[in-house]
Amino acid sequence: RKEVEQDPGPFNVPEGATVAFNCTYSNSASQSFFWYRQDCRKEPKLLMSVYSSGNEDGRFTAQLNRASQYISLLIRDSKLSDSATYLCVVNRNNDYKLSFGAGTTVTVRA
Amino acid sequence: DTEVTQTPKHLVMGMTNKKSLKCEQHMGHRAMYWYKQKAKKPPELMFVYSYEKLSINESVPSRFSPECPNSSLLNLHLHALQPEDSALYLCASSQAGTGGYGYTFGSGTRLTVV
Chain A
1 RKEVEQDPGP FNVPEGATVA FNCTYSNSAS QSFFWYRQDC RKEPKLLMSV YSSGNEDGRF
61 TAQLNRASQY ISLLIRDSKL SDSATYLCVV NRNNDYKLSF GAGTTVTVRA
Chain B
111 DTEVTQTPKH LVMGMTNKKS LKCEQHMGHR AMYWYKQKAK KPPELMFVYS YEKLSINESV
171 PSRFSPECPN SSLLNLHLHA LQPEDSALYL CASSQAGTGG YGYTFGSGTR LTVV
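Chains as they are written, first to last, in my numbering: chain A, 1 to 110; chain B, 111 to 224.
In case anyone wonders, no lab produced these hints; they're calculated from the structure.
Be a bit skeptical, because a hint or two may be false.
[Stated by the list, open to error] Computed spacing ranges between beta-carbons, pair by pair:
(1) B:Ser172 - A:Thr107: 34 to 42 Å
(2) A:Ala29 - B:His187: 34 to 42 Å
(3) A:Arg66 - B:Asn180: 13 to 21 Å
(4) A:Leu46 - B:Glu168: 19 to 27 Å
(5) B:Gly138 - A:Thr18: 16 to 24 Å
(6) A:Leu46 - B:His187: 46 to 54 Å
(7) B:Asn167 - A:Asn65: 32 to 40 Å
(8) B:Gly124 - A:Ala20: 45 to 53 Å
(9) A:Gly16 - B:His187: 44 to 52 Å
(10) B:Ser172 - A:Ala110: 45 to 53 Å
(11) A:Gly54 - B:Pro118: 40 to 48 Å
(12) B:Lys163 - A:Ser52: 28 to 36 Å
None of the values given here were measured: they were computed from a predicted structure.
Beta carbons: idealized from backbone N, C-alpha and C, even for Gly.
Please take these sequences and the hints and turn them into a complete structure.
See the structure below:
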């Protein structure tokens, strides 16, 4: 079983729609959780950290469910510029290594 | 300065060449990383330097040789690469101690081995 698993998508949504997707992780001792965004042929960029209480940054909302070992990302009022691959990233043991999911592709169409 | 700078952005090299990738950050981060990313795959960890010492080598072939001259610089020396080593090479840095704060990635070097 992979450490971090994501639905690869693609999620094709119209502008203005809401899209949400999950990521599951296998190590219950995982400490830190992140969503990164990666545009085609670019580097990953930190979108947001995910906190136990859930957190929101503008149109983006992240949730953590430790009991079921998943995190989620919800994008409201989708923009064309939200089209990207979203990487779920987990820090397992508070060490240096981050474990990456394979990414969820989101395409927002006009 | 909140950036990680990588040079060159693109590199084409022959299998007998020797080249180096460079990475620089001025955020005071004490952990630096090399990752390799193939198309449509997540990044794969290669090396971790912590306080300028190599702390993790993910069983990377010896044709890849990392070097950390000081706390701001990280190099990756390449020699006798294979075509399958063609990929995007990403440098990243993080605050001291752990990856718990996430990484900042550089924009990468797109390497093609011919």
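**Study point:** Unmet hints by their number, sorted upward, for this structure
**Key:** Those not satisfied are hints 3, 5, 6.
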